[in-house]
Amino acid sequence: MDSKQLYQELILDHNKKPRNWGQLAAASHRAEGLNPLCGDHIWVALKVNDGRIETIAFEGESCAICKASASMMTTSVKGKPVDEVEQLVREFRDMATGKLDVAAQPHHLGRLAVFAGVKDLPSRVKCAILPWHTLHAAFHNQQSASTEGNADPMGLPVTKESA
Amino acid sequence: MSSPALSRQEERAVTRSVDLQRLRADFPILRLKVNGKPLAYLDNAASSQMPQPVLDRLSRYQTQEHSNIHRAVHYLSETATAAYEGARGKIQKFINAREQREVVYTRGTTDAVNLVMHGFGRAFLEAGDEIIISQLEHHSNIVPWQMLRDEKGCKLCVIPCNDAGELLIDDYERLFNARTKLVAITHVSNALGSVNPVKQMIATAHGHGVPVLVDGAQAVPHLAVDVQDLDCDFYCFSGHKMVGPTGIGILYGKASWLEQMQPYQGGGDMILSVTFEKTTYNVIPYKFEAGTPPIAAAIGLGAAVDYLTEIGMESIAAWERELLAYATGQLEALPGVRIVGTAANKASVLSFTVAGVHPHDVGTILNEDGVAVRTGHHCAQPVMQRFGIPATARASFAFYNTFEEIDQLAAGIHRVQKMFA
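Sequence lines, in order, name chains A and B.
In terms of my numbering, the first sequence opens at residue 2 and continues consecutively.
In terms of my numbering, the second sequence opens at residue 376 and continues consecutively.
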């Protein structure tokens with residue numbers, strides 16, 4: 002695929018000006034996400050009130066795909082009930098891994114469909130998914146999420162990086 | 376070609392460009408287009424490409440010579456054995472080993488280091504003994520020694536490097552003591568390109584009575600290596616980084632060491648006789664080559680050595696120096712690009728970061744322009760930690776690369792910067 006399709010204005014904008022960036026003192030849930038092979042490292046903190054995400058924040062060091070995905074995740078899930086968000090987590094993962102065709106199948110991803118192109122770049126899928134894994138880990142009171150091995154809460158196949 | 380309008384320098388440049396085009400024609404894969412753009416393959420430190428003579432040799436073996444080696448008396452087995460052992464002889468000459476039996480076939484550099492860890496380390500090291508490695512090592516020259524450390528209770532001592540990526544030799548000399556049993560160092564850093572003064576470092580170690588293993592994976596493809604001149608005890612390298620196939624590598628070891636060492640794996644071909652009571656091991660190098668080896672790959676490596684020899688390692692090194700100098704200039708001219716690894720003596724590796732852009736984004740966008748670079752930690756996380764960065768993008772050049780490909784790289788980086796501005 003053409004990287005222009007992936008690095009669209011929306012993604013570049015969220016990378017440059019990430020929304021909900023920073024820490025959250027009064028968080029009810031938090032988790033750390035690490036993509037050890039490429040070094041993406043983020044922290045997600047959120048406050049759940051009455052079954053809804055009242056507020057959410059993230060920070061960390063990562064590539065543009067990961068940062069934009071995290072930023073757009075926070076804007077999409079704020080105010081939503083937890084069960085709806087868990088549905089979004091599943092749909093986002095399915096889109097990124099090519100199991101959900103956003104053009105042909107029903108979904109609730111809205112503008113997040115901008116990440117559909119990542120499915121054609123296997124080495125970058127994990128960058129896009131990491132924030133969502135981390136959010137999932139936070140819901141389940143796991144302290145950390147990784148895109149590798151046993152620490153991967155979503156059980157994605159592990160790929161190997163060579164010399 | 377000789378026109379009065381051309382100066383001698385220009386004439387040389389024209390001649391060289393004609394030679395380069397002829398040489399590139401040997402590499403079918405370089406004719407590929409990626410994303411509609413001509414491929415600029417700048418990931419040679421990860422793996423190089425194979426020229427037609429190597430591909431032809433592999434094909435000839437598979438279609439006319441294949442059988443198992445060292446076994447049967449029939450025609451094909453003898454042909455395959457002769458080709459396999461013939462390749463060993465070519466490799467011996469290429470690195471100037473004293474004897475052919477000092478050349479052990481392995482699966483690659485990693486396998487060679489692990490062989491020495493098992494055969495030498497497990498046999499001769501004890502609790503409290505020390506192994507010196509360096510800050511610049513690839514994981515394959517760290518992890519085996521950590522495994523040995525944890526098994527035996529040994530200690531790893533690390534030679535630090537300066538901000539240019541050069542090892543601090545004074546610190547190295549201070550690491551030796553009565554417990555030092557092995558030095559395991561890289562000849563050329565895969566992440567930064569630094570060429571370490573291994574000859575001098577080996578002399579220092581020998582002054583303390585300590586043997587030295589050199590990881591030569593990034594050196595053998597780029598400079599003339601003479602293991603007798605270096606006087607190293609072990610030298611490890613891989614076929615697929617020197618225009619040969621994957622799945623084959625070499626452990627050079629001084630015969631005196633190899634003879635004392637324990638076999639790494641047991642099985643067929645590494646024995647002289649087997650009864651249920653006792654097995655007598657084969658002589659070196661066969662003692663270390665259990666089972667059916669990658670025969671085709673070994674023969675292919677022999678053809679790769681012929682190919683490199685014909686061009687000449689001096690010519691290869693000279694052209695790669697020019698490529699590195701040109702690429703360094705092109706990247707230095709781009710504001711926001713930082714070159715990581717600025718050793719005075721460097722092989723053709725250029726690691727860099729682009730301000731405000733993660734290396735993985737750089738790599739994905741360069742791929743769009745047909746430019747293949749490696750991004751990540753390059754299996755050398757301690758190097759990244761030393762420089763305080765998670766990753767770099769790395770362009771690594773081979774003798775078949777051109778200035779035009781470097782221009783393609785520079786233009787690609789410029790496009791990355793515009794996208795992220």
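Hints are supplied without guarantee of correctness; some may be wrong.
Only pairs whose alpha carbons sit at most 27 Å apart, straight line, appear in this in silico DSS-like list of lysine-lysine [to be verified]:
1) K79(A) x K100(A)
2) K793(B) x K17(A)
3) K465(B) x K530(B)
4) K465(B) x K556(B)
5) K527(B) x K556(B)
6) K18(A) x K793(B)
If you only want the chain A side, here are some residues facing chain B, beta carbon under 8 Å, derived [what the hints assert, rightly or not]:
7) Q9
8) L11
9) L35
10) K79
11) P123
Note that these hints are calculated values from the structure, not bench results.
For every residue, glycine included, the Cβ atom is placed at its ideal position computed from N, Cα and C.
What hint numbers does the structure not satisfy?
-> Hints 3, 4, 7, 8, 9, 10, 11 are the ones this structure does not satisfy, whereas the remaining hints hold.
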